[in-house]
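4 protein chains.
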Amino acid sequence: MALKVTAEEMGPFLDEVFPQVRGMFGIDRLDEDLLVMRLFVKDEHLRPGGTVSGPSMFALADVAAYVATMARIGQEALAVTTNCSIDFMRKPEAGADLLAQCRVLKLGRALSVCDVQMFSEGGTEPVARASLTYSLPPRR
Amino acid sequence: MALKVTAEEMGPFLDEVFPQVRGMFGIDRLDEDLLVMRLFVKDEHLRPGGTVSGPSMFALADVAAYVATMARIGQEALAVTTNCSIDFMRKPEAGADLLAQCRVLKLGRALSVCDVQMFSEGGTEPVARASLTYSLPPRR
Amino acid sequence: MALKVTAEEMGPFLDEVFPQVRGMFGIDRLDEDLLVMRLFVKDEHLRPGGTVSGPSMFALADVAAYVATMARIGQEALAVTTNCSIDFMRKPEAGADLLAQCRVLKLGRALSVCDVQMFSEGGTEPVARASLTYSLPPRR
Amino acid sequence: MALKVTAEEMGPFLDEVFPQVRGMFGIDRLDEDLLVMRLFVKDEHLRPGGTVSGPSMFALADVAAYVATMARIGQEALAVTTNCSIDFMRKPEAGADLLAQCRVLKLGRALSVCDVQMFSEGGTEPVARASLTYSLPPRR
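Residue numbers (our numbering), protein chains in the order written: chain A, 1 to 140; chain B, 1 to 140; chain C, 1 to 140; chain D, 1 to 140.
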């Protein structure tokens, strides 16, 4: 499905919609097949032992699903997460950013369903996976 | 099941284990039936429109399940979340703290399963529900 | 919220909509606070060791959420499950029916969210919990 | 990770462990990268309109995760499902078998986490996705 928004356009839009997380995320890749979203890991995202906290991983999965959906329907601040299921499988590596690979499994009239796998940068085994459902506003 | 840790003891333990979230949460009630955990809602937890962000609600559910589990097995920093499923059902009220009611559905040898319902303070309908599984370290 | 359908009316409706599961389920209680749905456990629902199979428990949770939703919106064969998260926590008792306690946490315009806890009849600890989301057809 | 059990060996094992579902499932492919498990769709799996029922899809996902895990740890009837999250995204096609593509995301000491996508045979878009966690018995 052709994208309506590019990675370059998405950054300023995110800053506007989510000013609290400005500078927290980056977009490494955004095309029809895959979105790769980056969490710039900082001290505030860590738990003792240097591992990235669960809420930070959730935040990464959530914003990735939002961006992948927005890229397809156009910028709509009103889409809201209705469900997320997340499995934490391995301890992220200390000192590495976290990368989320996000695919849109379904884009319906009312719901978007995304699948996310997260990796420590440079790692080959997923540290977490998540599936998220967004409720979409009525299209104009 | 009798608790091994009181609300008074839990606060300093949380500050030690999760220094990044110091001052973010409070314990309103902790007994064998129910834990009520409070998110002191501040600007950093909000999204446009004044609603509490999804990651903040996830963080509240996650820490509530951790505290409810710790209260039963004793303070063990090593318990880790393995799974969370969360449904976001209503928009939290602006300007109100968020309260999580957490119950331990199962405390097994290796896993703890908790159920959480979240309410805006003063509200009667849940804004979100979550179930969380913690993997427990081998008991001493 | 007042119910539009009684337990007595629901039985024949279920038989019509789900002829394959005729005689599999019963309604022990249906009012505004709670639905209690019963799985008449038979050999076909068992796994080795006499425990009720996961798919049978899923089926019970799914039909309970459907019935609780239908009771509120009126009989609508078109509602469909969009998401289910289920935790299997204890081995059901051999030779006992399974009872699902189902509550509607949210009944929105487009989605219904239900919470289900399942018990072996006579047991006090839940053998499983589930949350289910149904997508609702546009109301007339 | 090298497999300990072949597709040919798995069939008789499943028949022995799950005699109730004998003839319900087949294995199209089983190697280190992917398991493809088939639900032979019959009338008993259908809902009105010819769509495959939710419990049948759950059963397919559950047995796929079990087989993929068993293939790696060796035949262990004692592994049990502890959690499943499933998204139903599209209506399966009437008259087509259902194929589950299952990957093992993590095989730990105590838990196995699998990802499953389900397709109607011949279809290109997933009808459902599921993630499942199995609790593993202590290894010998």
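The reader is advised that the hints may include incorrect statements.
Same chains, same label: a pair holds when it works inside one copy or across any pair of copies.
[Stated by the list, open to error] Below, in silico cross-link-like pairs of lysine-lysine (DSSO-like), each with a Cα-Cα straight-line distance of 30 Å or less:
#	residue 1	residue 2
1	Lys106	Lys4
2	Lys42	Lys106
3	Lys4	Lys91
Please keep in mind that the hints were generated in silico from the structure rather than gathered at the bench.
Against the structure, the hints come out as follows:
1. In this assembly of identical chains, the alpha carbons of Lys106 and Lys4 lie at most 30 Å apart only when taken from the same copy (16 Å versus 33 Å across copies).
2. Within a single copy, Lys42 and Lys106 get their C-alpha atoms only as close as 33 Å, which misses the 30 Å cut-off; across copies the closest is 26 Å, which meets it.
3. In this assembly of identical chains, Lys4 and Lys91 lie within 30 Å of each other by CA distance solely across copies; the values are 27 Å between and 36 Å within a copy.
When each numbered hint is compared with the structure, no violation occurs for any of them.
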